[in-house]
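S.K.: Protein chains in written order, with this note's numbering: chain A, 44 to 157; chain B, 2 to 114.
By construction, these hints were calculated from the structure, which means they are not laboratory data.
Note that the Cβ used here is the ideal one computed from N, Cα and C, for glycine as well.
Possibly wrong hints are sitting among the right ones.
Pairs of lysine-lysine, DSSO-like flavour, derived with a Cα cap of 27 Å [unchecked claim]: (1) K106/B to K100/A; (2) K114/A to K100/A; (3) K46/A to K69/B; (4) K96/A to K114/A.
Beta-carbon label-pair distances, calculated as ranges [as the list claims (entries may be wrong)]: (5) I8/B to T129/A: 39 to 47 Å; (6) R87/A to L12/B: 39 to 47 Å; (7) E112/A to D96/B: 24 to 32 Å; (8) R57/A to A11/B: 34 to 42 Å; (9) F63/A to D96/B: 36 to 44 Å; (10) K96/A to Q3/B: 36 to 44 Å; (11) K56/A to S70/B: 28 to 36 Å; (12) R57/A to G61/B: 27 to 35 Å; (13) E122/A to N64/B: 41 to 49 Å; (14) K114/A to R73/B: 35 to 43 Å; (15) G42/B to K96/A: 27 to 35 Å; (16) S60/B to K113/A: 30 to 38 Å.
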Amino acid sequence: DVKVTQSSRYLVKRTGEKVFLECVQDMDHENMFWYRQDPGLGLRLIYFSYDVKMKEKGDIPEGYSVSREKKERFSLILESASTNQTSMYLCASSHRGQGTGELFFGEGSRLTVL
Amino acid sequence: KQEVTQIPAALSVPEGENLVLNCSFTDSAIYNLQWFRQDPGKGLTSLLLIQSSQREQTSGRLNASLDKSSGRSTLYIAASQPGDSATYLCAVRRDQAGTALIFGKGTTLSVSS
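Make the full structure from the sequences, and use the hints.
M.R.: Given below as structure tokens:
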């Protein structure tokens with residue numbers, strides 16, 4: 044079974060803390076994505092990566108960075124968390140240039156910044 | 002810029018009813034369209050994927066259709082059940098490479114017993 048695993052389902056952090064959200068996929072997918080989901084705003088793309096060490100900004104990259112040192116792992120970093128980053132964060136992955144391009148999601152990480 | 006719209010935002014039906022969820026997109030140059038289900042507080046689960054060359058896909062009680070020329074897709078759910086209650090999202094992909102999907106905001110379905 045395909046699997047995208049997000050390391051933490053629920054996190055509570057304080058303003059100014061550095062936050063790491065980890066995502067691992069076991070499908071040998073080239074593409075990996077980080078979205079955030081907020082009521083009324085839907086899913087918005089933060090960053091995506093199409094290969095190791097490669098990254099592309101999405102629609103709302105401000106305040107975030109990413110790291111992809113290994114093909115299976117894509118990390119989202121909040122350098123200095125702020126209350127407006129309280130949200131549901133969703134990681135996803137897909138093949139690139141082959142297959143159907145079907146997108147698979149993890150279970151999500153609910154972050155609360157106090 | 003591609004925009005994806007899902008109407009209605011919410012829908013309530015009694016158990017057993019057949020229903021249709023709608024998805025429209027502004028740019029017909031898509032690679033594929035994918036329907037997802039999301040339960041409260043959870044991630045998205047892929048339901049059906051339709052390639053641009055296909056007209057429909059079926060899985061159990063679900064049938065998704067695609068009309069690229071008119072920029073529309075529908076998700077048909079037959080004989081709805083309370084367990085079908087969830088938010089349904091559609092998303093379109095522009096090409097086979099690394100571009101991200103563009104999502105609609107979803108339709109929240111409630112099926113009462």
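S.K.: Report the numbers of all earlier hints that the structure fails to satisfy, in ascending order.
M.R.: Result: hints 3, 5, 6, 9, 10, 11 and 12 break, sorted rising.
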